[in-house]
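**Q** Here the protein sequences line up with chains A, B, C and D, keeping their order.
So that you can map any letter, position 168 of the first sequence is 168 in my numbering, and since no number is skipped, the others follow by simple counting.
So that you can map any letter, position 196 of the second sequence is 196 in my numbering, and since no number is skipped, the others follow by simple counting.
So that you can map any letter, position 114 of the third sequence is 114 in my numbering, and since no number is skipped, the others follow by simple counting.
So that you can map any letter, position 188 of the fourth sequence is 188 in my numbering, and since no number is skipped, the others follow by simple counting.
Hint data in this document are derived by calculation from the structure and do not stem from the laboratory.
Please note that the accuracy of each hint is not assured.
Stated by the list, open to error - Coverage of chain D stretches by chain B, computed from C-beta distances (three or more under 8 Å per stretch; other residues unrestricted):
no.: 1; region: 7-13
no.: 2; region: 111-117
no.: 3; region: 127-139
no.: 4; region: 217-226
no.: 5; region: 252-259
A virtual CB, placed ideally from N, CA and C, is assigned to each residue, including glycine.
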Amino acid sequence: MSSRPRASGYFRTDYAADYALLGTRSARIWVALFSLALLLFPLVASPFQLDLACQVFLASVGALSLMLLMGYAGQISLGHAGLIAAGAFTVGILFRETNAPFWLTLPASALVGALLGVIFGLPSLRLRGLYLAVSTLALHFVVIYIGGEYETRRGFSTGIMIDPPQLGSLSVTDGRAWYFILLVAAASTLLVCLNLLRTRSGRAWRAIRTHETVAETLGIGIAAYKLLAFVISSSITAVAGALFAYYRGFVSVEAFSLFLTIQYVAMVIVGGMGSLLGALLGAAFVTIFPYVIESALLALPGAQGFASMLFAVNYAAFGLVMILFLLLEPLGLVGIWRRIQSYFLLWPYRHRPAAGAHQ
Amino acid sequence: MMGRLLLGAGAAALAITAQIAAVHAQDAYVIGVTGALTGPSSGTNGPPIEGLRLYVDRLNAAGGINGKKIQLNILDDQAEPSKAAANAKRLLSQDNVSLLILSSLSSTYAPVVAESKRANVPLMFMGAVCPKEVYPPAEALQFCTTAYAGGYDSRATLDFIKTAAAGPVKLGLVAMAIPLSRGEIDYAEERAKTMAMTTVDKEVIPPPTADYTPFATKLKDANANWVFSWAPWVTEVKTFEALRRLDWQDNYIAWSHIEAEGELARLKDGKLYVIGANSFFQDRLPVHMEIADAVKKASIRYPAEQMTEGWIGGLVLESALQKAGWPADAGKVRAALESVSVDTKGLRGGPLEWSKDNHFRARQYYRVYRWDEAKSAIVQAKDWTAYDVQ
Amino acid sequence: MTLLDVQKLEVVYHRSITAVQGISFAIRAAQIVALLGTNGAGKTTTLRAISGFLGLDDARVSEGAIVFKGEHTENELPHRNTARGIVLVPERDKVFPNLTVSENLIAPIPHGVTAAEQRRRETLVYQFFPQLRDLRQRIGGLLSGGERQMLAVASAIMCAPELLLVDELSLGLAPVVVSELLQRLSEIRRELGLTILIVEQSAPVALEIADYGYVMENGHIVLDGTAERLRAHPDIQEFYLGRESGERRSYREIKQYRRRRRWYG
Amino acid sequence: MQLAVNIIVLAAIYALLACGYVLIYRVSRVMNMAHGELSMLGAYLLFAAATVFAHHPIPALIIAILMSISTGVMVYVVLMRRMTGEMVLAAILTTIALGILLRGLVVLIWSASEQHPLQSLGFTNPSLAVFGGARISTCAALIVLMAALVYGSLFGFLRFGRWGVRMRAAGQNPLLAAQRGINLHAIYALAWSLSTLTGSIAGMLIALDSGLDQSMVVIGLKAFAPALVGGLDSLLGALFGALIVASSEVLAIHYVDPLLSDVVPFLVLIAMLIVRPWGLFGTREELDRV
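Bound conformation, chain A alone (with noise of 0.2 Å):
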């Protein structure tokens, strides 16, 4: 799985050592680092950067589902949004009809999921590529019609309308809460599919990508597995809905279009196939990238003057970029992250040792 080289003189001694998900003393203190800055960063953000890393966070959970599908599983799927979209009613209509507490319809989202996770599996089960993709796609908008039909025929003409959740007797408003709130999700979720990766499921998605008929022969009971990876995938994604809906305080079907999926489907190619890392790095490029874009247009001067044009222009650059990312970097963002990496590793030699060059 890992391909990252490391510093001469490391060697593996036992099992456990390869179990561990931190191998080396290095890699804790970076983590540990880095976590710390997570937890910081609050203080000293304004509270736009806040709702920006709220929405990485989100992003994350919903890149990691769909990274497990997409990049392990090696289902491909466009139905993302509409999981999204089912995790999100579940949260919109349980709270409308029954005034469900959040620790209500969190579970029912995840459960509404699972059963979406099936039936979206459904067709996984004879098609591949591009049928599956397809069919997904299709589910994507009867998904989305029948929320419509939810929020006109009950009159929310301006989308749902949520309070937000209480803990106890306060209510979490304030930025900071959302932030740790999400971070705990978008952390808990890697460690989930850090772990799921390492089980015998985790293995034999891993064997049906690579080649489905051989992974047959070896005993790898298909079905089964990619069942549960829809399942699994789809019932993370639902939670990530929920949670939006939640943090958003309000649901409406305008929120989830294909636009939604591509983009999803975008943070896991640009983040680079196959790596946990990947859909991270992902989800943070593809929802900050048009906020800077953004904010690098409006910095030129007299932006203003020709604002419809600039938008247009940052549009398209989101499209510029995913097909620079294509053509140059197949490997996505995590590709760049080893190379720099390898680069101080391996420094001053330029080329890494031949085994486990390539993942």
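With chain A fixed as given, assemble chains B, C and D onto it according to the hints.
**A** For chains B, C and D alone, coordinates are given in the frame of chain A:
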């Protein structure tokens, strides 16, 4: 390899400029605007923002208000709720604007309203349909300058049909498949019942449609002799054209969006009525001239008649800020808005007046235009009719 | 005159595995040359190197030269080589399954070729393979192995090659079919003056029509000579033609022994 | 009667758009998610040409068509050529990205408000009476004719034309095709230009019939339902798929609920994927191919 370097360099450059971008204007009124400048509804929501900008630029050129310039921070939300929410947060928390202006799809209202409440900063809808909250009793923080508004529009339209129609009215209704439009059309259906009109058919049309004929066919088969459409302009006009292609010769009345004046001239159809609250440029009032040459100078990409909404927004903003004085925080601006009374110089049927519990307007004026084949010009089918808002 | 000249050719897969280790040989015009050897000897790799088909499975000519009619063609794109006149009849996937036989024949004709020329070639092909004429409207996927092989050779000839490369002609075909095909090949050579390089595992097949043969093992040419000489050669007799001679030695032994002979002798 | 006409018109629109998907898919196994945008671009090119050559429709049309063809070629040469050999998903994503880029550019150049190439060409679009009191607009009739024409010529081209045969060959077995001296890049470029051409024709006609704005994209997206229902690698399939989807959509509007019209295509698609994943006329092994 080269490409990779470029990628890296580009990213770095962007990051830096992003830092520079986060500057605040010291002594100026900072107003935040978020709207659909790109994306599906940009055709309707973009021009008002342009118009506002045009007006404000002229103000600044003339020395601003109370000797202070106005700084508009415009952000694009692509008619996406989450983008709108982020924009609002940014404008409120980072640029700490004293007034938030929204021109976008109704789906973006909820998050933006939530943000404005959280920050206790007034929110003005401009060029985006007025939400119920601005009607008396109005929500403290929400105001609306937009011409069109649920409820009153249908009322005015149906009244007009009543007066214009010779025989019994067989009404056909057309909505776009977005919650807002559907809601209004349902309301119209209800009201039509009370006015002894029979609703023969109601079409709810999904936004992107390859061919409107199937829907038109149903309206025709139901042989409606009046069709009323309250939806984004695309749906209104394309349904109408489809009906005409089916050789349906009866009357069609649609809400007069900013595109209407240009479109009437394009379609040249005597039985197509548009009802609205904004006057057309063919009236050639001084204010129209003023706007027109302002547009010419600034080389705006939209035709002048689409600037009206933004211009009115500008008028309101000007008088509000004048009242608020300097320095004006959100509270002062809100207080000022509550007592705003703007002479619309003929852009509307009358002044736009707000009070403590009415953030819509005291009276809403409607006027109906149509194309006159004989004169081959746009004429008034019905002059201003006022509706008291209570 | 030599049509194809391979000098110290070295082919490397995935930048690490050397499949062909510096072989040299030359083919004179209008010759039929056989390249013999067991699995993994590097025959097919050599063939692909000549036809320019290495790029696809991440292999490349790292050393040496392939000179066709005085032009260097190492690491050249396949369709360019075909235009030059080097055409390959691959080992498998040799016909377009969903095209009819006649379409299979038309497909490869380069644009610029006149209709008349096209018709000429078609008649030529049908005269070599009369069976195909009857199968003209049959879908390529429904042909029998032998018919397929014929169609493959036929459509190769439609490209008007000068050097025809045939990979494993006899693979999975009944002996009778094979001998017929061989006959056709030698006819074609006679009529069109083609040069043919066939790669074979079964030496008898190859040596039946070849003028000259090379024996490859582990990426080296270990033996070469005229067909008669090879047929007479004891090692060939023993390991390719499978005749008994003295006590049987294991295959690996003989390899070692042959190496030694080449190195020390 | 009118119903039948509506069905035929819609089917023609879908068919014209769908064949673009098929053309590209069968040679390169790539689903071109930017097809909608490319059609829209074609329509805008017509609009641009029309504004330049005001009231000289013929040159305008010719220019627009030539431009759209070259657009297709450029898309391949500049972009998709690099994606050959990459994994399918990456290629698809590239097309998606291309779509986003195009949408942005279109707004940038022509602004978001609706345009009417018909006026700028100086045409009118009177409605014609056809059998049984049904009516059809001239442009709609043109769409139907065009669909028939395009499909007719495509069938002819693929069956008898030398390049057509090469195209099919390349689609079935690229390796062998290359061995036989077929220049794959030329073939792919050809496929892209053809698909862009047909898409643009559809786009132009729709724009002429009922104005031009961003919604064109979604129409293009909806058109891949027919392509899949028919089987992605079969033109005939696309034709039938278009008919099926169109009729189910129109009937749903007329008898069930107009709201269904934008889910119906996908419902049909799902049904087809359950019953017969490789589509009506698709070849079965396509499933494992992608």
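**Q** Give a verdict on every hint.
**A** Here is how each hint holds up against the structure:
Coverage of the region 7-13 of chain D by chain B holds [criterion: at least 3 residues with CB-CB distance below 8 Å; count 3]. For the region 111-117 of chain D, the proposed coverage by chain B is satisfied: 5 residues have a C-beta within less than 8 Å of a C-beta in that chain, meeting the threshold of three. With a threshold of 8 Å between beta carbons, the proposed coverage of the region 127-139 of chain D by chain B holds, since 5 of its residues qualify and at least three are required. Here's how the region 217-226 of chain D fares: 4 of its residues keep a CB closer than 8 Å to some CB of chain B, so the rule of at least three is met and the hint holds.
Look at the region 252-259 of chain D against chain B: 4 of its residues bring a Cβ nearer than 8 Å to a Cβ of that chain, three or more, so the hint holds.
Every hint from the earlier list agrees with this structure, and none is contradicted.
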